[in-house]
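Colleague: According to my numbering, the sequence shown holds residues 1 to 812 in order.
Quick caveat, the hints were computed from the structure, so don't treat them as lab data.
Treat each hint with caution, since some may be false.
[Claimed, not checked] List time: in silico SDA-like cross-link candidates among lysine to any residue, alpha-carbon distance up to 25 Å:
#1 Lys182 x Gly133
#2 Lys182 x Gly53
#3 Lys529 x Val761
#4 Lys45 x Gly476
#5 Lys45 x Thr61
#6 Lys182 x Leu55
#7 Lys529 x Gly476
#8 Lys182 x Ala323
#9 Lys182 x Pro94
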Amino acid sequence: MRYFLLALLTATVFSGNFPGTAAASSTPSPSPDAVRPLITQQAAKQVATTNGGSLQPFTATAPQAAVGGAGGPMREIFGFALASSLSDPTIGYPTWDFSLLSTVAFFGLHVQDDGTFAADSGDAVWNSSQLSGLVSTAHSHGTKVVLTIILQDFSAGTPHMCAGLAHYATTVTNTVSEVRAKGVDGVNVDYEGLNGSCGTTDSSWARHTLTAFVASLRAALPGGSYLSVDTYASSAADPIGFFDVQGLAPSVDSFFVMAYDLEYSNYGRPPTSCSSFCLGPTAPLGGYYYNDTTVAGQYIAAVPASKVILGVPYYGRKACVAAATPNAYPTSAVVADTYLDAAGEAGSNLVQPGTFVTHRDANDTGGQERWDTWFNTSMNCTRELYWDDAVSLSHKYALINSDNLRGVGIWNLNYGGGAPELWSALSTYFACPVSINLPATESTTRFSVPLSAGSCSVAYFDIQQYDGTINEGWFGMPSVGASGGSSGNASAEGFQGHTYTFMARAHSSGGLVTSWAQASTQVSPTATKAHAWSGLYTLDGYGGIHLADSPPLDNSPYWPWPAARAVKAAPGPNAPQAGFVLDAFGGLHPYGGPALQVGQVPYYPNQDIARDFVFLPNASGGYELDGYGGIHPFSIGSNPMPPVPAAFPYFAGRDIAKKITLLADGSGGYVLDAYGGLHPWAVAGRPLPISPAAYGYWPNRDIARDVWLAPDSTATSVHGYVLDAYGGFHPFWSGAAAAPAAMAAYGYWPGQDIARGMWFVPSSTANTATGYTLDAYGGIHPFAAGSQPLPAVIGQYGYWPGRDIARALWGA
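Make the full structure from the sequences, and use the hints.
Modeller: Spelled out as structure tokens, the structure:
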């Protein structure tokens with residue numbers, strides 16, 4: 001299907017208006033009005049003369065502020081809408097993605113010599129229900145609609161431009177009247193002409209009067225109206241041309257830089273140096289004398305980048321040529337191909353089979369403009385087409401981002417219609433809105449967080465998690481890859497009954513980092529647990545808490561030196577959501593939430609002597625262990641201090657005490673020394689627990705690292721395991737207790753002081769023990785006793801290769 005057939009005059013007709021074959025330079029020299037587009041002139045004539053058929057009258061829509069669209073593009077996306085096909089269901093506004101459009105310019109109303117608007121086809125559509133539909137649709141998405149007023153004159157002496165500018169006061173009055181009557185959001189000025197005296201003594205009267213006209217228009221428009229001016233690619237560096245860019249800047253919100261049709265100004269210069277017009281990129285990124293990179297640089301040197309919109313073409317040009325070579329001379333009329341037509345050329349039944357070949361412009365390797373060749377059986381010639389597809393357009397979008405321009409301008413939206421690749425490219429570089437699709441309630445404690453960015457091409461997503469129940473976060477989560485697709489799934493963990501909010505943003509393949517999106521869900525209080533624990537964590541030496549396939553926790557202390565010595569969860573139904581971290585001097589610091597309030601605690605300023613602690617079963621207090629074996633009670637909140645220990649080991653002057661345990665009844669427990677010795681201790685008024693009859697012991701070797709008491713241990717019957725520095729497990733038991741089952745599978749590093757702690761799953765007994773060993777670098781290794789199966793491998797945990805920084809593994 002041919003969406004438009006835009007026949008343009010051959011280049012020779014215009015050769016007098018374009019630069020000759022001067023040597024190329026890195027920056028084009030000023031040349032008055034050297035670069036101006038031809039495509040807009042053709043479109044303006046089409047808009048004025050196209051028969052729109054029977055039209056329904058305009059109906060005012062409910063007033064609604066257009067603010068650019070919350071969650072929409074991060075730079076302005078400004079597109080022209082041709083009145084001649086405004087509501088066409090195949091290419092008009094019904095096919096456009098308004099969530100990606102900031103501004104749509106109705107193109108347009110023609111200004112006559114007396115400053116009034118012509119009663120032509122464009123005016124008929126402006127006053128029809130087609131405009132009502134556009135405004136209503138745009139405003140419902142937060143997209144602005146502006147009116148383009150058109151006056152183009154390149155005839156000798158530009159009499160129509162001179163007359164129109166002389167009557168600009170009339171144009172201002174009529175334009176403001178139309179803006180108010182139709183409820184649109186501003187004006188786009190498409191005045192295209194040449195600078196000149198217009199019969200006055202001022203050689204730049206046209207330039208000066210255009211500037212005055214725009215200033216007057218700004219002053220007359222309603223407050224908050226959007227005003228833009230379409231300018232030539234060369235205008236920012238042209239001190240005597242039609243547009244005084246710096247003079248206009250105070251009056252306008254933006255300049256729409258018509259940086260296309262550049263092949264008509266580039267053909268005679270290197271790298272092509274053609275003797276007459278030859279085909280080439282209509283908007284090269286670089287490589288040619290006039291190019292987008294240079295044009296953007298000139299504009300941002302003249303005015304703030306926040307006022308510069310780089311126009312890009314949704315069209316190309318083709319002609320018959322003698323041979324399928326780059327930058328060929330046309331042997332027929334040069335005609336414009338809309339994007340949709342260009343994209344469909346390969347599938348045409350007029351293409352001789354096997355002749356269609358796609359190329360990328362070798363003169364502009366960074367821009368990758370496309371050119372195609374094929375043999376047309378109807379015209380009996382080789383056709384050559386230069387055009388911008390989504391690939392080359394994306395490189396221009398990247399330039400807009402790197403130069404921090406206001407945005408991109410599209411000439412024009414009708415030429416691209418609903419082509420998904422065009423909207424995807426715009427989203428990838430300028431919007432990429434993220435959505436998080438969560439149910440109200442999760443039925444398991446481990447669940448998926450689906451992420452989507454519509455049509456955007458995403459490299460990866462950032463995602464964070466916040467626990468609204470205990471008011472902790474935000475917690476960083478692993479990035480979610482999308483590999484150029486538009487969606488991904490994060491895996492999250494949560495506590496039963498907790499509400500979580502997730503925040504995600506996309507890193508598009510175009511380099512865009514989007515704004516954050518949020519969504520919330522609650523883990524059901526009866527959710528199925530995904531693991532044999534509610535939470536499992538690693539403590540590093542500086543106080544950092546690192547989850548191990550568990551919900552996130554934080555609010556822990558953090559030191560600039562490895563001061564952390566131990567960590568424990570407060571007993572209770574919410575364990576391990578809150579607890580304490582012990583520092584080297586005896587200080588207890590809450591983690592998680594609700595935060596525990598420290599009562600009375602022992603403290604040894606600047607003495608690295610605290611080694612471990614335990615909570616009482618009711619979490620009202622507990623006991624600290626110092627390096628010499630001293631046991632010191634502490635309280636929580638306003639609770640009374642626990643009973644003072646009456647019997648305990650003491651190694652005066654010898655820093656060998658490692659760990660402390662407490663029996664389930666809180667009457668006492670055991671102290672583990674560095675050599676593997678297990679020493680009973682008891683609170684006042686309670687009997688001393690029985691001494692183990694069998695246990696591992698390594699005299700004078702600092703080898704013991706951790707100890708575990710089986711849950712059924714009592715003061716008269718005790719059994720459990722000791723962990724050595726190499727990862728070995730050593731069962732111990734008292735005379736009346738059953739010997740624990742031997743460990744059948746576990747991590748072991750002979751001769752390496754690498755094991756730092758162990759954790760048993762809550763259901764473990766002396767005969768069915770399973771759990772995990774923590775190594776010095778943060779590695780977590782499953783173990784199992786007897787015939788028990790190994791627990792699942794941990795997927796996510798903190799790890800620091802070669803750094804002896806892991807201190808403890810704990811959970812509940």
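Colleague: Now tell me, hint by hint, if it's right for this structure.
Modeller: Now the hints, each set against the structure:
1. Lys182 x Gly133: holds (12 Å)
2. Lys182 x Gly53: holds (21 Å)
3. Lys529 x Val761: holds (13 Å)
4. Lys45 x Gly476: violated (57 Å)
5. Lys45 x Thr61: With Cα atoms ~29 Å apart, Lys45 and Thr61 exceed 25 Å; violated.
6. Lys182 x Leu55: Distance ~16 Å between Lys182 and Leu55 Cα, so the pair holds.
7. Lys529 x Gly476: holds (22 Å)
8. Lys182 x Ala323: Violated. Lys182 to Ala323 sits at ~52 Å, over the 25 Å cutoff.
9. Lys182 x Pro94: holds (20 Å)
Taken one by one, the earlier hints fail for this structure at numbers 4, 5 and 8, listed in ascending order.
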